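A.B. asks: Keeping the supplied structure of chain R fixed, place chain X upon it in accordance with the hints.
If you read the sequences in order, they're chains R and X.
When the count follows this note's numbering, it moves up by one through the first sequence with no breaks and lands on 105 for the last residue.
When the count follows this note's numbering, it moves up by one through the second sequence with no breaks and lands on 155 for the last residue.
Hints are not guaranteed to be accurate.
[To be verified] DEER-style ranges, computed between Cβ atoms: (1) R/Leu-55 - X/Ile-152: 33 to 41 angstroms; (2) R/Glu-35 - X/Leu-142: 41 to 49 angstroms; (3) R/Asn-72 - X/Asn-29: 44 to 52 angstroms; (4) R/His-48 - X/Arg-37: 33 to 41 angstroms; (5) X/Lys-72 - R/Ala-89: 32 to 40 angstroms; (6) R/Ile-86 - X/Ala-36: 41 to 49 angstroms; (7) R/His-48 - X/Leu-51: 42 to 50 angstroms; (8) R/Asn-72 - X/Pro-75: 56 to 64 angstroms; (9) R/Val-38 - X/Ile-139: 24 to 32 angstroms; (10) R/Ala-45 - X/Ile-139: 24 to 32 angstroms; (11) R/Ile-86 - X/Ser-141: 29 to 37 angstroms; (12) R/Ile-86 - X/Ile-152: 28 to 36 angstroms; (13) R/Glu-35 - X/Lys-153: 32 to 40 angstroms.
Just so you know, these hints were derived from the structure itself, not from any lab.
From a predicted model like this one, the values you see are computed outputs, not experimental measurements.
Glycine residues also receive a C-beta, built at the ideal position from the N, C-alpha and C atoms.
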Amino acid sequence: MEQTELGKYTRSFGLSFGITSFLSALLVILKETKEDTVLAWMKTATIHHWVTHGLINLAIFVVLGFVLLKPNNGNGVKISSNALAICIAGSVVISGILIAGFYRL
Amino acid sequence: MENLLLLIHPAVGGLATLAALWVFVDTLNVSSASEARIKNVSLICAGLIWLAYFLGGYLYVVHYAADKAIIKAGPWAFGHDFFMEVKEHVFLMLLLLATYLPIAASDSLASSNAARKIVLWVSGLIVPTSLSMEGSGAIISLAVKIGLLFKIKGG
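Just chain R, with the same shape it has in the complex (with noise of 0.2 angstroms):
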């Protein structure tokens, strides 16, 4: 018989990826213009500041992934196949754009 639920890791984690992949790229523009405080303290943190932005992202990704697992009695939180394929969809084509527009040619 087709189903048609998502299990609770995909749906967790895919709106996690959504939304790290959006704040990724809000980063990128913040630390781009607060070069004297954000991107300052993003070189310190570790040895590159590319590096500390990937941790960064990753510390979201998981950390945001468990958190969306928790709702309704740990079944994680309630989206459909579409909404989420949008969600994924959505935010690689809009981060990649602002990401692109901001260093644009």
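C.D. replies: Frame of chain R; chain X shown alone:
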């Protein structure tokens, strides 16, 4: 060693792209017999993207400064100002997308249309994003070459 890594990094990325394409095509025709294979190839795809990340990250953090100076002083400064800047930040998104692929592929693909849809979207997004990384890398390499020629010719 640095030059060898410069070859291995895009080669690993290319293999990851092929793995994502494999997952996409296999998921289109999934059956209970192919479910385990899709899960394994999605894990391989994620592993290869992580390997490309570590190789590229090492090159970028340790060796790229000299290349950057050459690019910025040459006629193709956009090789760094646009393509490298976009590449290094879009790659972070690709890394998470590839990490998510085996999570999505661990769902019941043979019996769930919804799970198949998500895996198709994720693997389908990894392919063009990875290809854009390969293309950007080629432009950055060419920008270094043009920058060096420019320097030799006394530009």
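A.B. asks: Quick check on a hinted range of 44 to 52 angstroms for R/Asn-72 and X/Asn-29, using CB atoms only.
C.D. replies: 33 angstroms, violated
A.B. asks: Just to be sure I understand the hint, the distance between the Cβ atoms of R/Leu-55 and X/Ile-152 should be within 33 to 41 angstroms; is that true here?
C.D. replies: 40 angstroms, holds
A.B. asks: Would you say the C-beta atoms of R/His-48 and X/Leu-51 sit inside 42 to 50 angstroms of each other?
C.D. replies: 19 angstroms, violated
A.B. asks: Please check whether R/Asn-72 and X/Pro-75 have a Cβ separation lying inside 56 to 64 angstroms.
C.D. replies: Since the Cβ atoms of R/Asn-72 and X/Pro-75 sit about 58 angstroms apart, the hinted range of 56 to 64 angstroms holds.
A.B. asks: Taking the Cβ atom of R/Glu-35 and the Cβ atom of X/Leu-142, is their distance within the range 41 to 49 angstroms?
C.D. replies: 28 angstroms, violated
A.B. asks: Honestly, do R/Glu-35 and X/Lys-153 meet the 32 to 40 angstroms range at C-beta?
C.D. replies: Taking Cβ atoms as reference, R/Glu-35 and X/Lys-153 lie about 34 angstroms apart, which means the hint holds.
A.B. asks: Falls inside 32 to 40 angstroms, the C-beta gap from X/Lys-72 to R/Ala-89?
C.D. replies: 35 angstroms, holds
A.B. asks: Could one say that the CB atoms of R/Val-38 and X/Ile-139 fall in the range 24 to 32 angstroms?
C.D. replies: About 28 angstroms separates the Cβ atoms of R/Val-38 and X/Ile-139, which means 24 to 32 angstroms holds.
A.B. asks: Tell me if the beta carbons of R/Ile-86 and X/Ile-152 are separated by a distance inside 28 to 36 angstroms.
C.D. replies: Between R/Ile-86 and X/Ile-152, where Cβ atoms are some 51 angstroms apart, the hint is violated.
A.B. asks: Are R/Ile-86 and X/Ala-36 spaced within 41 to 49 angstroms by their CB atoms?
C.D. replies: 29 angstroms, violated
A.B. asks: For the range 33 to 41 angstroms, tell me whether the beta carbons of R/His-48 and X/Arg-37 fit it or not.
C.D. replies: Because 38 angstroms falls inside the window, the suggested range holds.
A.B. asks: Note whether the CB distance of R/Ile-86 and X/Ser-141 lies within 29 to 37 angstroms or breaks it.
C.D. replies: Given about 36 angstroms between the Cβ atoms, the range holds.
Violated hints for the displayed structure, listed by number in ascending order: 2, 3, 6, 7 and 12.
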